[in-house]
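6 protein chains.
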Amino acid sequence: MRNKVAAFGEVMMRLQVPNYKKLEQSRTLDYLFSGTGVNILSAVSRYGHGTELLTKLPDNNLGDAALSYIRSLGVGTSHVLRGEEYLGIYFLENGFGVRGTSVTYTNRKDSSFCRARKEEYEYDTLLEGVTLIHFCGISLAVTPNVRETVLMLAREAKKRNITVCFDCNYRPKLWDSYEQAKALYEEMLELADICLMTEKDAIHILGMETAEIEREKQLEDLLPQVAATYNIHTIAGTMRETISTTVQKLTGFIVQDGAIAYSQSHTFDVFDRIGGGDGYTSGIIHGYMMQWPKEKIAEFSIASAILAHTTYGDSPVASLREVEAFMNGAFQELER
Amino acid sequence: MRNKVAAFGEVMMRLQVPNYKKLEQSRTLDYLFSGTGVNILSAVSRYGHGTELLTKLPDNNLGDAALSYIRSLGVGTSHVLRGEEYLGIYFLENGFGVRGTSVTYTNRKDSSFCRARKEEYEYDTLLEGVTLIHFCGISLAVTPNVRETVLMLAREAKKRNITVCFDCNYRPKLWDSYEQAKALYEEMLELADICLMTEKDAIHILGMETAEIEREKQLEDLLPQVAATYNIHTIAGTMRETISTTVQKLTGFIVQDGAIAYSQSHTFDVFDRIGGGDGYTSGIIHGYMMQWPKEKIAEFSIASAILAHTTYGDSPVASLREVEAFMNGAFQELER
Amino acid sequence: MRNKVAAFGEVMMRLQVPNYKKLEQSRTLDYLFSGTGVNILSAVSRYGHGTELLTKLPDNNLGDAALSYIRSLGVGTSHVLRGEEYLGIYFLENGFGVRGTSVTYTNRKDSSFCRARKEEYEYDTLLEGVTLIHFCGISLAVTPNVRETVLMLAREAKKRNITVCFDCNYRPKLWDSYEQAKALYEEMLELADICLMTEKDAIHILGMETAEIEREKQLEDLLPQVAATYNIHTIAGTMRETISTTVQKLTGFIVQDGAIAYSQSHTFDVFDRIGGGDGYTSGIIHGYMMQWPKEKIAEFSIASAILAHTTYGDSPVASLREVEAFMNGAFQELER
Amino acid sequence: MRNKVAAFGEVMMRLQVPNYKKLEQSRTLDYLFSGTGVNILSAVSRYGHGTELLTKLPDNNLGDAALSYIRSLGVGTSHVLRGEEYLGIYFLENGFGVRGTSVTYTNRKDSSFCRARKEEYEYDTLLEGVTLIHFCGISLAVTPNVRETVLMLAREAKKRNITVCFDCNYRPKLWDSYEQAKALYEEMLELADICLMTEKDAIHILGMETAEIEREKQLEDLLPQVAATYNIHTIAGTMRETISTTVQKLTGFIVQDGAIAYSQSHTFDVFDRIGGGDGYTSGIIHGYMMQWPKEKIAEFSIASAILAHTTYGDSPVASLREVEAFMNGAFQELER
Amino acid sequence: MRNKVAAFGEVMMRLQVPNYKKLEQSRTLDYLFSGTGVNILSAVSRYGHGTELLTKLPDNNLGDAALSYIRSLGVGTSHVLRGEEYLGIYFLENGFGVRGTSVTYTNRKDSSFCRARKEEYEYDTLLEGVTLIHFCGISLAVTPNVRETVLMLAREAKKRNITVCFDCNYRPKLWDSYEQAKALYEEMLELADICLMTEKDAIHILGMETAEIEREKQLEDLLPQVAATYNIHTIAGTMRETISTTVQKLTGFIVQDGAIAYSQSHTFDVFDRIGGGDGYTSGIIHGYMMQWPKEKIAEFSIASAILAHTTYGDSPVASLREVEAFMNGAFQELER
Amino acid sequence: MRNKVAAFGEVMMRLQVPNYKKLEQSRTLDYLFSGTGVNILSAVSRYGHGTELLTKLPDNNLGDAALSYIRSLGVGTSHVLRGEEYLGIYFLENGFGVRGTSVTYTNRKDSSFCRARKEEYEYDTLLEGVTLIHFCGISLAVTPNVRETVLMLAREAKKRNITVCFDCNYRPKLWDSYEQAKALYEEMLELADICLMTEKDAIHILGMETAEIEREKQLEDLLPQVAATYNIHTIAGTMRETISTTVQKLTGFIVQDGAIAYSQSHTFDVFDRIGGGDGYTSGIIHGYMMQWPKEKIAEFSIASAILAHTTYGDSPVASLREVEAFMNGAFQELER
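From first to last, the protein sequence lines stand for chains A, B, C, D, E and F.
Under full-length UniProt numbering, the residue at position 221 of the first sequence is numbered 221, and the numbers go up by one with no gaps.
Under full-length UniProt numbering, the residue at position 328 of the second sequence is numbered 328, and the numbers go up by one with no gaps.
Under full-length UniProt numbering, the residue at position 145 of the third sequence is numbered 145, and the numbers go up by one with no gaps.
Under full-length UniProt numbering, the residue at position 39 of the fourth sequence is numbered 39, and the numbers go up by one with no gaps.
Under full-length UniProt numbering, the residue at position 58 of the fifth sequence is numbered 58, and the numbers go up by one with no gaps.
Under full-length UniProt numbering, the residue at position 234 of the sixth sequence is numbered 234, and the numbers go up by one with no gaps.
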């Protein structure tokens, strides 16, 4: 029987200014609907797993459009709640070369998702048949309602032996301070089997210290400690080096059983920057469920991440065949 | 010296689904920035008057884009306030034939405009040189801050002998009840020299009664009473008959000195429904300032309204020459 | 428990020349995926029923795109078969006013659907939980494989007391002669509970005769006979009058228990002509399942058909609320 | 052997504001290349005749683009001259309903065409094998060079018994006065076998007088006189009634042997107004070459004119089959 | 008198997903018409030669659109056959960076071209005045009809001393095995004066062997043998090195009189990958007809190939001036 | 009180072929309005200065559209003259990689700007409150009217102690010879406080000689002499190295008080090549007005230039914050 991956998270509308223009220069926008949960599920459905999105959408034509889009990605939407009026929106101005990309959020506090009470999520139904469930640190930040729902669902998942995957994803603008976040993150780490994080999270959120200066050394010092402390099976993340908005370098790492494995480093052209990290997480989830050795997981995940940078949209859409071909160095510039 | 028309009002972003699609069917949106104040000023600047928009825009790229767009309409923006983060947004799905047009608002309560305190508007500066100032009933509805600003500016304008134009524009969804609105509307009517309203406003908001049943009779009964009671020089409005989403019939009326004048009735093809009413108001303002007889004002205003239905966008962009040609029956199907 | 409607039918790609251009004048095309089955299910899913499409799509990126699109319509795709390489394609050049609309098909005989053998469809699984199943006469015409599958599924459905709905949809270009079609149509009529047809089908396919000359009289003479002969609960269809490519008149009829009911006649603007008939069928299916009286079914179905002409695409996307509002004369030209 | 129709005339670039916007509202333009000669030849090539355009295009990428476009219409370009730098350009703002369409020209006096000397046109080569040659009154107006070329080519054509077709097409903005035009027009009428004109041309350009008041009566009085005076075999034209920018009424007439025939009058939806008249002329040329009776020519020509209003672009692109179907009342709203 | 180049080959419709999207992500496609023959003729017409395409197009609006497009490229279409219904179509999904480009074909076996019998091509007429004729190995693969036509036309050309150019262009998916192809290729090599091929064709199709391992050595060993065996004046080809989908390296080679010349190697940005090889062939044909030394032919051809990668579409559209400037290192980044 | 920068110069319409196509390949164009003066003012308005454009626009819808666009950039248009009919237009075909960008002008001699007499510019009004005025060498070249206006305004500005900035911008195609230009340039240099020029201008226009061979040495030899001779406070310019159409290298220099400062050299991706030089000039003007040391001016100006290459359009639109961040190496690839 195939795995079923659930993800809890907000769906937002992305309004992108086309052709590298600034918002003041255009008269049209491209749009789609995304979110960390949507992105993860879009990828893992392509890797052969069942999916189910746990969220709440407004009960109007925006919600209808979001639902239609998410379905078009192949994501399961049987349990999506509907109600209230608003949906979070963000504007994307793509940078070019030495000019950076800019994201502007509208007010999301009053979205259907952010206002949904935890009681609305019937966990017995939602978690039925689920193999793995994914949460994102952003959900801890937005509103008390959402935060409580995350904790409730994570606890209930744990009880049912569902694998819990937690992506730290600390967004400074959404928090008053690291202190505010710490206890919440600690609880999630306690519940997590898989955790996406870097040495920065260990230092800033968890308050850990290291004598090391280089990034790799810090990673290797701190993350095994985190894994041990919170009993986390797999910790993973990426190191990104920015040559320009359109050329970047990425290396993946993964910590299991006190040891670390690195993927190859790739320098590559970026087409759509948003959601690249979710491409990596999707690879980790797939590799974990396939019970691959950590070295193979790292290579698959970095391939998944990099291809996610080469396709349109936040949500990864590369096929399993494409990711495997890239991982195996079997890239074909023209297939016909 | 030319007149200077000021308008106080919110600027919103309009996101229109192109080609008569529903939001779930498209991947692109057309956008522009509008609002009752913007629309009025766009028109009257084409009719030869100076203009100044009184509003507050967010201090980010959305605000920049809004400002750029408003300037492109020829509207004066010297006094526009900047600050905070959000801008109201609405989605427009155009209907076709027997299918209606649908407008969906996002949360506007937290927009820069709706959160601006009345103290931020330095009325001495803002009203300098202003001949006429326009307010819209929507502003009375949105937030206490905005409501207080409207009253403050209207009172200060009155003190300075600036003509006050008030468009009742009662939007049921924004009010709890007519009672809630009544006192505020009454104060605005006391201050107004020009008022856009219909018999429905008299009945529902002011609680007036009439024995008449036909619309015209009700108008003729009630509106001269309103003018007398509140000492309003000019009351004007339109009667709309809907054949379909794309074919409509419009008649204008105007009450002055206890008498009523009607414009001709026109049946016409509608290209862009939103902002049609503001086209009429713009004509009234222009005619008032030109001191035309009410019959001519009615004809000019209805021409202004109808041409506003034939051009893209909420804000009227027909030229004075085009409006006059239509008013005079000198329509030319092809000019080269 | 809600109803589940299944539909068996081919999915085609529609390539539409935008802006009323001819194919030689454009450089871009709009595309979508449709088919009688897809269209019916798109509508009835909006009317609140569960849906499942029975078809076969190629195992490549065209098939992926088709599947993604169909999902975006809200149609169930759990049982869609994948395999082979090709998908039927048609080009659509929209007419304008006195210029007609033109549809050009590519070769569909080798599509995955047309080559699928009946053994590939595991009827026990496919029909589980199905309340009503829809077939289209086009499927009888295309290839022997498809024809046999239709008959097999219809027979198996009948055995299971699933309501069988058959749309005659006789396309002259796909048949050598009416004689070739007759036996197949007769078998489907024997199996059908609901049948979409007109007096022309009775005369040409079934070879029936009537002394009447007017269309209505012919209908009233022949269709009750058909219903009686083949024991069909509901026979329904439309009468179309073409004013121009963009203005048409439509009346629906429905025969039950030997009596006929007509809907009101509506003259209306056409935005997208293709799939209008499927809008009507969807209404009949909904009304049948709701067990409404035939008069109400006729009014609902004609509303469903007309709104399908006002929205983009072959597949009806008007909401239940919109159809009911139109049926009740509660059309609102602008809703905000 | 098939006929070969030549046309002498300027090629211009048309820059059209899309979606009924005004130039100040858009950021994109649609473009094509046209001209009376191009339009006539586009149509008659579809009616089965050989074509050759006589013109001069700039020797740069604008000229290349124009040539490519004209070829795509199926028009012969073997003799097109190349040289100099400029091409006439016009901007088209489509009107909608009661708002008129506006055409704005750029400076065309310095175009390659307008500067070409008559010596550049080697008439022996250009006229070889030509059956009919078309000229337009606009060419008489633009520059002395062009005017002289028109007269030279018309005279040389006459010498060779090539049918000369002259479209009066008097554009007031291009002439100082009717007097300036009169002698030139008279010479062209002397040379012409077919002339497109109306009673207004007879009155204003030729200075003729009539006691009649109604348009039809004036036509019937004056045009047979013109035909007799200048020995013109066929005089033809249209009467246009404008309901709105998008709905118009058209009737064709044709004078031969002192008698007049009228086509049916059609009221129809207009998609692209520009070039409608050239659609009529193309029909006249086709009918003349087919040696049809004048009644049939009028019906074919009005069908040709009306379908030209329903297709994109200045140049008629309806097929012979479409025109004949419309002429025969065999319009099919949907062909598949 | 100028040369006239003929090319025999299929015309296909290319449907390209815009903006680097996958087919499932877009709602619009860009389209054009191309084919090896079309591409070659597009280029050589720009290099100053007469052209004539030998093919068959369907007798419907697809065929009309294809013909219009081909004409717009400046390609001669006087002898294009029309008939039957279908046209081959392929979908193009552009890759980006490390993601490859994907081409998906529809069924082409039933295209008008693939079904045309050799008797339909009247070689006496078609070959009149032709200097050089081009064939492509794809035509040998598609259907027996096409294969026979290729051989017939090549033999007839040979008889008339027309230069025969054959591009091996072996597409594995279109053949069962190399053995199937061998005899056909051998016959074409016997007839060819110019042949586009690489060492891989010699090894795989002709079954030749070499002790060399490096590509250059293999080329230098095998291709002179091929030239000698089959008496081929010029053998040419390219070596492509793929840095990514968007950056590639290309080197051209040419074998004449037993000696080989290489062009410079260029690393360059790729805009449109399809048709790049045809750009090279076009250069070879031009250089051959200009009777240039092989070194100059190689440099011109590689310049022609590389510029073909920088322009939109399969068919090369760079001007002779641009190719020469690049060949001479006189590239100008901005010309005004 | 803030500075007010005026610029005198022509406004042109730019018609850009989208998606790197050639003009013959597209059916749509993107357009905007620009000019050296517009570009400078667009940038300096973003750097916090008041702006006023001195020009003349046609009194028709082209002029309206130009005015609307310029206002949307935030440029002051209070003194723009209106009259006559024409506007200069240029076509832009973007190059890609090794293919160059091409600009084609239409006839501009008859534009409203080029025909405006110097008397139309009321310098007392125009120069009121102006701190700095900018002129461009192109204006010296176009027509005698414009040339005289430049000299008049520069002299009047000098009289009023307004800083005069002159950009040599010698365009060979617009002049018969360097001799023709010399006296005019010398007069402008006499009047200028800031001058944009390179060693090439010194050698060719001013006829200066140097024994140096390297560019930097020539600069360092000649430009301090120019500054001394004509008493110019600041001379500045850039050195451009072209890797390809889309990758370039730029270094800025500035001469003050006999010394030269160079900016860092940057290699960067080019998105929109046109107007890059004006980005540099804008930086020089800002730095001059801020009274920064020349090293800082050079760094700011090169940042301003480079960011101008990364944004759409001729007119720089990067914000002051973005330019400063780039100057300070604080580039952020993704800001959210």
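Calculated from the structure, these hints are not laboratory results.
Certain hints may be false.
Listed below are the simulated PhoX-like cross-link pairs for lysine-lysine, each with C-alpha atoms no more than 20 Å apart in a straight line [to be verified]:
1) C:Lys21 <-> D:Lys21
2) B:Lys21 <-> C:Lys21
3) F:Lys159 <-> F:Lys118
Hint check results:
1. C:Lys21 <-> D:Lys21: holds (19 Å)
2. B:Lys21 <-> C:Lys21: Holds - the C-alpha atoms of Lys21 (chain C) and Lys21 (chain B) are around 19 Å apart, at most 20 Å.
3. F:Lys159 <-> F:Lys118: Measuring from Cα to Cα gives roughly 17 Å; hence the hint holds.
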